[in-house]
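Between the sequences and the hints, there should be enough to build the whole structure, so can you do that?
For what it's worth, our numbering labels the leading residue of the sequence shown as 6, then goes sequentially.
A few of these clues could be false.
[Claimed, not checked] Below, simulated DSS-like cross-link-like pairs (lysine-lysine); rule was C-alpha separation at most 25 Å, straight line: (1) K28 - K72; (2) K30 - K72; (3) K174 - K30; (4) K174 - K145; (5) K28 - K174.
Note that these hints are calculated values from the structure, not bench results.
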Amino acid sequence: MVILITGASHTGKTLLAQRMLEKYKYPYLSIDHLKMGFIRCGKSTLTPEDDDFLTDELWPIVREMVKTAIENHQNLIVEGCYIPSGWRNDFSEQYLQSIRFICLAMSDAYIEAHIDEIRNHASTIEKRLYDTGCTIESLKLDNHNYIDAFTRSGEQITMIDTDFWQTVKDLIEQ
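Below is the structure:
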């Protein structure tokens, strides 16, 4: 089984992946780690702020890693925001049967009510080197973009609306 976790910034993708690793003992790939390796090795002029271009560069690599894991009957958790909304188009039904997809987003009401918690937990699992734009407005916009794009692609969105920790617990237990 491969578990793909994506979603808007600050929605807890990394935390969810970490908790799933602890429960299921599946290997875990952070696309953010792949991104930083790609940028830091000097083979690209892209920066951590170049999200659209980074998706174009990173997704083909991640996609083929997912296929390889499935072909070898290996479990894997992959998390990051660099999974395109049309990701299913890159896999045949044979692969899709072995992929669990999770897209996280927060409601506007949740962001407004929990902005301090969101900011305080931004680096709970991994240190954010570039996190200057965490505002209510930017978080709402990012969440709306994910909700719109993935909904248009026919994906189910896991909405964080009232209780973040219960949402994480429910996803782990599914």
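- Numbers of the earlier hints that this structure fails to satisfy, in rising order: none
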